[in-house]
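Just so you know, the sequences run in chain order A and B. Taken in order, the first sequence gives residues 391 to 705; the numbers are from this note's numbering. Taken in order, the second sequence gives residues 391 to 705; the numbers are from this note's numbering.
Possibly wrong hints are sitting among the right ones.
A pair counts as met if it fits within one copy or between any two copies, since identical chains are not told apart.
Listed below are the simulated PhoX-like cross-link pairs for lysine-lysine, each with C-alpha atoms no more than 25 Å apart in a straight line [unchecked claim]: (1) LYS542 - LYS648; (2) LYS590 - LYS617; (3) LYS475 - LYS672; (4) LYS497 - LYS610; (5) LYS497 - LYS673; (6) LYS610 - LYS444.
In short, the hints are calculated from the structure, not lab data.
Number of protein chains: 2
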Amino acid sequence: MSNQIYIGVDLGGTNIKVGICDEQGNLLHTYEGPTGAEEGPDAVLGRIAQYVRKIVEDSPYEWEQVAGIGAGLAGFLDIQEGVVKFSPNLQWRNVEAKRTLEALLGKPVKIDNDANVAALGEAWAGAGAGVPNIVCYTLGTGVGGGIIINGKIYQGSNGMAGELGHMAIVPDIEAINCGCGQVGCLETVSSATGIIRMAKEAVERGEHTSLALHENMEAKHVFDAAKSGDEVALRIVNRAAYYLGRSMASISIVLNPKRFVIGGGVSKAGEILFAPIRETFKKYTPEVAAEGVEIVAATLGNDAGVVGAAGLNLR
Amino acid sequence: MSNQIYIGVDLGGTNIKVGICDEQGNLLHTYEGPTGAEEGPDAVLGRIAQYVRKIVEDSPYEWEQVAGIGAGLAGFLDIQEGVVKFSPNLQWRNVEAKRTLEALLGKPVKIDNDANVAALGEAWAGAGAGVPNIVCYTLGTGVGGGIIINGKIYQGSNGMAGELGHMAIVPDIEAINCGCGQVGCLETVSSATGIIRMAKEAVERGEHTSLALHENMEAKHVFDAAKSGDEVALRIVNRAAYYLGRSMASISIVLNPKRFVIGGGVSKAGEILFAPIRETFKKYTPEVAAEGVEIVAATLGNDAGVVGAAGLNLR
Numbered sequence: 391m392s393n394q395i396y397i398g399v400d401l402g403g404t405n406i407k408v409g410i411c412d413e414q415g416n417l418l419h420t421y422e423g424p425t426g427a428e429e430g431p432d433a434v435l436g437r438i439a440q441y442v443r444k445i446v447e448d449s450p451y452e453w454e455q456v457a458g459i460g461a462g463l464a465g466f467l468d469i470q471e472g473v474v475k476f477s478p479n480l481q482w483r484n485v486e487a488k489r490t491l492e493a494l495l496g497k498p499v500k501i502d503n504d505a506n507v508a509a510l511g512e513a514w515a516g517a518g519a520g521v522p523n524i525v526c527y528t529l530g531t532g533v534g535g536g537i538i539i540n541g542k543i544y545q546g547s548n549g550m551a552g553e554l555g556h557m558a559i560v561p562d563i564e565a566i567n568c569g570c571g572q573v574g575c576l577e578t579v580s581s582a583t584g585i586i587r588m589a590k591e592a593v594e595r596g597e598h599t600s601l602a603l604h605e606n607m608e609a610k611h612v613f614d615a616a617k618s619g620d621e622v623a624l625r626i627v628n629r630a631a632y633y634l635g636r637s638m639a640s641i642s643i644v645l646n647p648k649r650f651v652i653g654g655g656v657s658k659a660g661e662i663l664f665a666p667i668r669e670t671f672k673k674y675t676p677e678v679a680a681e682g683v684e685i686v687a688a689t690l691g692n693d694a695g696v697v698g699a700a701g702l703n704l705r
Numbered sequence: 391m392s393n394q395i396y397i398g399v400d401l402g403g404t405n406i407k408v409g410i411c412d413e414q415g416n417l418l419h420t421y422e423g424p425t426g427a428e429e430g431p432d433a434v435l436g437r438i439a440q441y442v443r444k445i446v447e448d449s450p451y452e453w454e455q456v457a458g459i460g461a462g463l464a465g466f467l468d469i470q471e472g473v474v475k476f477s478p479n480l481q482w483r484n485v486e487a488k489r490t491l492e493a494l495l496g497k498p499v500k501i502d503n504d505a506n507v508a509a510l511g512e513a514w515a516g517a518g519a520g521v522p523n524i525v526c527y528t529l530g531t532g533v534g535g536g537i538i539i540n541g542k543i544y545q546g547s548n549g550m551a552g553e554l555g556h557m558a559i560v561p562d563i564e565a566i567n568c569g570c571g572q573v574g575c576l577e578t579v580s581s582a583t584g585i586i587r588m589a590k591e592a593v594e595r596g597e598h599t600s601l602a603l604h605e606n607m608e609a610k611h612v613f614d615a616a617k618s619g620d621e622v623a624l625r626i627v628n629r630a631a632y633y634l635g636r637s638m639a640s641i642s643i644v645l646n647p648k649r650f651v652i653g654g655g656v657s658k659a660g661e662i663l664f665a666p667i668r669e670t671f672k673k674y675t676p677e678v679a680a681e682g683v684e685i686v687a688a689t690l691g692n693d694a695g696v697v698g699a700a701g702l703n704l705r
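Isolated chain A, as found in the complex (with noise of 0.2 Å):
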């Protein structure tokens, strides 16, 4: 076999996962470790060296084959010199990622946030295939995102494109404050963590909806008891959809992207969460930027991450 193969990294607070694909974005095998957060950044960047040798040698390529190896993580992140400025679930402040993979490993090394990476590997080899200008949407407990322009990831002057959890979108007569600061972000009302707020300020007002049965209320009881419909749970998935359109119907008319891609755990909720975000965004899209723009749900689910970051190296 003399084609190339790129590994990609998924460096989460607990796990990393590592994965070889192909120059067409398949993702041919993969490899899940624990981080070991706590023994500190040389440890950890050790151990995904470690996790990428060991990927290669159980498959059948060779390390020759391996052109480039992509990391994503969450943090704030110098892309252009690999440097991890303040990641807040490593705790790590300052590391030289690129760098010392780089030494570890002799092979060249991108680093990327986990946000943009994810949005790369649905543009490369998911939902977003084959359409140059995509932007990616991932509903989690925050609301995430990233944005690719001519099929590469688009960093914004300080690195901040795409941070679509903080548009202002919520108007101030209904804005609560958000954990960035502001006031008004749309991952006030559109993540797990905004429509959990939701449905228990509902139950606490004494309303009256079957979510009042739940102790700990999650993302999907809303949704489970809105598919029953408990018009509460309705309004606040109804309210979660209409911003998430809202800010798509901005974002058309700024980018004018052909595809949206929605992905993260709430994205599950699947129609009842996508036929009311479409309704908005066509309500408040004039014509002309709207006609065959689609919002789709994102297909790799967890591997976007591993997929994307193995792109870092090719796109």
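Given the structure of chain A, go ahead and fit chain B onto it with the hints provided.
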């Protein structure tokens, strides 16, 4: 003189302005003449060719030095094919502008819409010079916009990127219908038309304001009254500025441009408009995204269109 020159054409409903730029975007010569739109597309395109030949003949440059010709105009365009699909002010439908002009002049011709071309002009040789990523607003009768990424006009999937006037930014509770068919567009509050409408409504409601003195209300009257301390006028100016600032906050978290450039007649109001825009922008943009981002006035004035059009063949 062996250097190449670039010709820009600003095709308006009343006048055609042509200009010669050098490779740095310096506007060396201009010539302006009537459009004669009532004679139809062929006559207008013939006139453009005539003006282009004339300005070169009257200049110290040789025809051989002309590297290319660009034209900016208002309307829906097929940029790739160089076809004007529909132009409301010229009343053109499916006009093959690029091919016709190339046949008449024997030089490469590119066309683009007026707001994009103005943005490119400012990016090349105006308030955005030297900055790779900028977003331009043109505040006039409507609100136009243009997005420059890596020094080039970014078109988006339907060529609708940068149509900033139609960002749905005003909350439903206070939104009005826009001419585009949507509700709550930025243009309804932050254009000259929007400012005049709000001023007239305040007068009709019998509010205590010096604006009641104006029979033919202009945006300038509102800014002048605001500068004189008229509280109603100040409220209207602040509202126009507020939604501009909020739209920039949204754009910053999506595109994170280094600089916002604001041009057009309304922008001449100066600090009374810019100060509340900057204040709102700062309030609604997370600090890490807002850091180092500038909101500045355009510097090329009415020349932005002709300079940017000249740049279409270079950038």
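These are the hints, each one checked on the structure:
1. In the homo-oligomer, the alpha carbons of LYS542 and LYS648 lie at most 25 Å apart both inside one protomer (14 Å) and across protomers (19 Å), since each shortest distance falls under that limit.
2. In this assembly of identical chains, LYS590 and LYS617 lie within 25 Å of each other by CA distance solely inside one copy; the values are 18 Å within and 48 Å between copies.
3. Proximity of LYS475 to LYS672 under the C-alpha cut-off of 25 Å is restricted to the inter-copy arrangement: shortest distance 23 Å between copies versus 40 Å within a copy.
4. In this assembly of identical chains, LYS497 and LYS610 lie within 25 Å of each other by CA distance neither inside one copy nor across copies; the values are 42 Å within and 62 Å between.
5. In this assembly of identical chains, the alpha carbons of LYS497 and LYS673 never lie at most 25 Å apart, being 49 Å within a copy and 44 Å across copies at closest.
6. For the identical chains of this complex, LYS610 and LYS444 are neighbours neither inside a copy (37 Å) nor across copies (70 Å), given an alpha-carbon limit of 25 Å.
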